[in-house]
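Build the complex: two chains, separate frames, hints provided.
Chains P and Y, in that order, are what the protein sequence lines are. Going by our numbering, the first sequence opens with residue 1, and the numbers climb by one from there. Going by our numbering, the second sequence opens with residue 146, and the numbers climb by one from there.
These are calculated hints, taken from the structure and not from any lab test. Heads up, some of the hints might be wrong.
[What the hints assert, rightly or not] Once the Cα atoms are required to be at most 20 Å apart in a straight line, the calculated PhoX-like pairs of lysine-lysine come out as: (1) K559/Y x K7/P; (2) K260/Y x K231/Y; (3) K285/Y x K362/Y; (4) K115/P x K2/P; (5) K496/Y x K339/Y; (6) K336/Y x K79/P; (7) K260/Y x K358/Y; (8) K285/Y x K169/Y; (9) K362/Y x K311/Y; (10) K216/Y x K239/Y; (11) K115/P x K196/Y; (12) K79/P x K116/P; (13) K239/Y x K92/P; (14) K455/Y x K169/Y; (15) K7/P x K558/Y; (16) K339/Y x K362/Y; (17) K216/Y x K196/Y; (18) K260/Y x K352/Y; (19) K2/P x K36/P; (20) K196/Y x K169/Y; (21) K558/Y x K2/P; (22) K497/Y x K336/Y; (23) K196/Y x K111/P; (24) K116/P x K196/Y.
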Amino acid sequence: MKRVYAKEDVCIGCRLCEIACVVEHSESKNAIRTYKTEVPRPVARNVVEERGPLTFSVNCRHCDEPLCVAVCIAGAMVKDEESGVVRHNEEKCVGCWSCVMICPYGVIKMKPAAKKVSKCDLCNGRTMPACVQACPNRAIVYEER
Amino acid sequence: MEHVIIGNGAAAIGAVEGIREIDKASPVTIVSAEPYRAYGRPLIANLLSGKIVEADIYYRADDFYEARGVKLLLGEKAARIDVEKKRVVLESGKAVSFGRLLIATGGIPFIPPIKGGEGSSIYTFTTLDDAKNLEALPGKVERVVVIGGGLIGLKAAESLHDRGIKVTVVELADRILSSAFDREAGDIVEKRLKEIGIEIVLENSVKEIVRAKGRIKAVILNNGEQYECGAVVIAIGVIPNKAIVEGTGIMTNRGILADGNMQTSVPGIYAAGDVAEAPDLLLGQKRVAPIWPNAYLQGRYAGLNMAGAKKPYRGGVAMNSIEFYGIPTVSMGISNPPDEGYVVRAVYEPKKNLYRKIVLKGHRLVGAVLVGQIQRAGVLTGLMTGRTNVESFEEELLNGEFGFASMPPDVRKKILAENR
Numbered sequence: 001m002k003r004v005y006a007k008e009d010v011c012i013g014c015r016l017c018e019i020a021c022v023v024e025h026s027e028s029k030n031a032i033r034t035y036k037t038e039v040p041r042p043v044a045r046n047v048v049e050e051r052g053p054l055t056f057s058v059n060c061r062h063c064d065e066p067l068c069v070a071v072c073i074a075g076a077m078v079k080d081e082e083s084g085v086v087r088h089n090e091e092k093c094v095g096c097w098s099c100v101m102i103c104p105y106g107v108i109k110m111k112p113a114a115k116k117v118s119k120c121d122l123c124n125g126r127t128m129p130a131c132v133q134a135c136p137n138r139a140i141v142y143e144e145r
Numbered sequence: 146m147e148h149v150i151i152g153n154g155a156a157a158i159g160a161v162e163g164i165r166e167i168d169k170a171s172p173v174t175i176v177s178a179e180p181y182r183a184y185g186r187p188l189i190a191n192l193l194s195g196k197i198v199e200a201d202i203y204y205r206a207d208d209f210y211e212a213r214g215v216k217l218l219l220g221e222k223a224a225r226i227d228v229e230k231k232r233v234v235l236e237s238g239k240a241v242s243f244g245r246l247l248i249a250t251g252g253i254p255f256i257p258p259i260k261g262g263e264g265s266s267i268y269t270f271t272t273l274d275d276a277k278n279l280e281a282l283p284g285k286v287e288r289v290v291v292i293g294g295g296l297i298g299l300k301a302a303e304s305l306h307d308r309g310i311k312v313t314v315v316e317l318a319d320r321i322l323s324s325a326f327d328r329e330a331g332d333i334v335e336k337r338l339k340e341i342g343i344e345i346v347l348e349n350s351v352k353e354i355v356r357a358k359g360r361i362k363a364v365i366l367n368n369g370e371q372y373e374c375g376a377v378v379i380a381i382g383v384i385p386n387k388a389i390v391e392g393t394g395i396m397t398n399r400g401i402l403a404d405g406n407m408q409t410s411v412p413g414i415y416a417a418g419d420v421a422e423a424p425d426l427l428l429g430q431k432r433v434a435p436i437w438p439n440a441y442l443q444g445r446y447a448g449l450n451m452a453g454a455k456k457p458y459r460g461g462v463a464m465n466s467i468e469f470y471g472i473p474t475v476s477m478g479i480s481n482p483p484d485e486g487y488v489v490r491a492v493y494e495p496k497k498n499l500y501r502k503i504v505l506k507g508h509r510l511v512g513a514v515l516v517g518q519i520q521r522a523g524v525l526t527g528l529m530t531g532r533t534n535v536e537s538f539e540e541e542l543l544n545g546e547f548g549f550a551s552m553p554p555d556v557r558k559k560i561l562a563e564n565r
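One chain only, chain Y, in its complex shape (with noise of 0.2 Å):
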């Protein structure tokens, strides 16, 4: 049975690595339009900002392919599926048959139309060559607009910040990193950030793009403001890069349809990662998730069933980490709960850069956020996909000191006595 594999990133290594994992003989076949192998992606910002070398964002050994077995055709672009005849035909004209398919193209940048925004100056920050490009900046360019105040639009600015270039941030909402966080953890990083130098512009979006002989010069936003720049970083947002299925059948929403043996609506086919709409642990229904944890593991459980091992992935949890400045912080599940079923509590200390917050819904924990204190997180991540039942001990979450001997003992030690 020949594996193939469309796409590179954290599901591809997952999938590779669950495959292996089965079936040590099988052919197994990476397709990739970028022309690197497997590197850690959001380690971009690191690579930008300085902190880091290319040769460390490369987070499998040298010879990882090589060992498994698997070969790599990089800098080669899926051009469509066949499903009938079961191979994939590719930009350059070839085709590779598969027996079982996984499609891990990951996310494409949204990039909204906006005038002025053809042309050169304009860059994105998802890709490794994303950060070469920016590379070219430092030196060159004094001031930076970066629309969108998310986890990507953030750590570009930060990054490019680092290197010396005065960046604005541009956000439509009246707060930072709001889909994944919260209003409280959003002011205590804007504050942060500001501190820092990084400029920070709510409730508004860049209208026009002002280039004078094809270079930028400018930004206006919505309410007529003008920002000097000499280049403008966009990044509102990434969608499923899905057209590959366009026309074959297998179904989409949002993303590519999987379900929770990561298979698409069309049996061999697979589908994981940031293109990949699966089932979430806590929602109880399907959704684009496209974080790193997700990635990797929904590409683990697709390479064990594509392997045959029928083991069904139990669905992910939203979760992000991630520093600004010296301030560590925390979002997991359901961050910003929708409607009234839930039960929210918080400590927050924005003096000291300190915020607790859990979310709870039927005396389970489904959510929480934290700022400042970080340290064992994972105890609270294990009570949520644990499902445990914390009605006994909800008080105590609220602790940046909460850990096991927090619970009681019948709750502790079940946790405590279980292998993973």
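Isolated chain P, as found in the complex (with noise of 0.2 Å):
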């Protein structure tokens, strides 16, 4: 299946990708109202690391065998047959954050005031990421590998 993979080689750090995946998630689509009156604003669900002048975004990998939906105890996570993507039913969470102490990219987001986790749904069936498209000089690519 097709992921989400980042080149740090060309990773600027702007962050576009996260406001992208915050609105892609809010409740208006709106990024300037999604930052204004969202409340509690959805948390981005990829990780932008950053250490002097290297920054790179991690994403869900949507694993084959993913070790998060092994782990939970709540059968919130899900690993969809045939699209491959692993979906979280954050109705279903009860945040025990076994997925975060297992997931081995560490990409999966902890909302500890709502004690539920967020993660990657790769914008669910959108043709490409929103975090994907919003990278202004392509250091993250969604392609098959």
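This is the structure in structure tokens:
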């Protein structure tokens, strides 16, 4: 399946991918409204790492054998057999953090106040995930590897 | 080839999913003593505390078994295994024939003999029925004594406290969470639980349960102190529920011994989950590790191999993620190193409820304890299970913000290039 990969050599750390993710998963789908009025604001579902001049995004890999699904005690994490997308159902999530403990990419985001996690859904069938589309210099790509 | 699974917990569900990945057609039968379809066992704490309702505890779709062609025999206790005739005899007198068998009978609470321990109002806390039984306490009982300050005991204490019951935890060791966590983590959690109002008594045990007209009135501790209570929860630990293999020739130690394919000493018979003693990735030997991730993954690999996939399991790593009143904690791998052969580094800020410890052996990460800040803990788990040499970035592992940017480019790129 197509997955999101980062190219650290060309990432400039603008974090537009995070903003695109937040907006995509907002109520209004409008950047200004999302950031000004939406409470709680959605969290970005990728992780932008930064260290000196080095920056890159880490995204969910929608693993073939997803450990987050294996360890989920609430059945909130499901691998969609057809699309391959690892989906998370926040309704069912109890915030046990087991998936946070086991995801080797560290891309499951905690929302401590809500006692829920949040993760990438590949923008639910969008042809191009919002983060990839927003990247000004193609430092994240969506492709088959 | 008829697949039969004894048990219906995480290992059994992993096995069904593993079997069906390879073999869509062969009959699969589950024999389960509990009368419920699979439920998230750790969620009994959420249920008792009132955070979820019973419908939320069932973690697979309503049609899970039906959709996979699994025959479900609920409320049927397996009495014995006839290895020669390849069948499981049930207590009801029925028998189920198998081609391949998985024993996933889980663990049972260890209950020591205590004076006054026979009779009503003694509870354990490992099953949905236990949670339902404890449901009867709020409103009827003012105080409860929990024997055992491990994960199960503390979750029972927390749930009962949330329901307005005054709880005293009595722990034999000099700290709570002594097996899965370490002193510093135990201290932070202990402090938090006390702040909330849960009483904790260390280095002590219950000598006697005092009854009047059969009803529990108090417990007497070894030092003679008396604590009034109306019920007692025993949560000292779980032991493998392996009685079913007695006399079968299936080899056991603490648990039922299983190899890398999760097969027991008898070909065609597999074991997984809390009942199994199977290879541990870090220890290089077999152990009983009664935790959900191991149970599910062992079950899954048992299932794959039962269906003929010839896919050995690399072995599990002990790990626990558990939160106590806003303080998340994670322990993984060897959290209490047994000897001098390990290097331990830690940052401990008890006032901020923060703690981060890493355990190294031969420049490999083999254990970690995280309290307060656990985000991206899985990156450490990945280094541990990947047996990554961390020599060049050992110091970085202590940083709460640790991530791929903290690793040298070659290490980082290798991990991020892999799909799993």
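- Item | Violations among the numbered hints | 2, 4, 6, 8, 13, 16, 17, 19, 20
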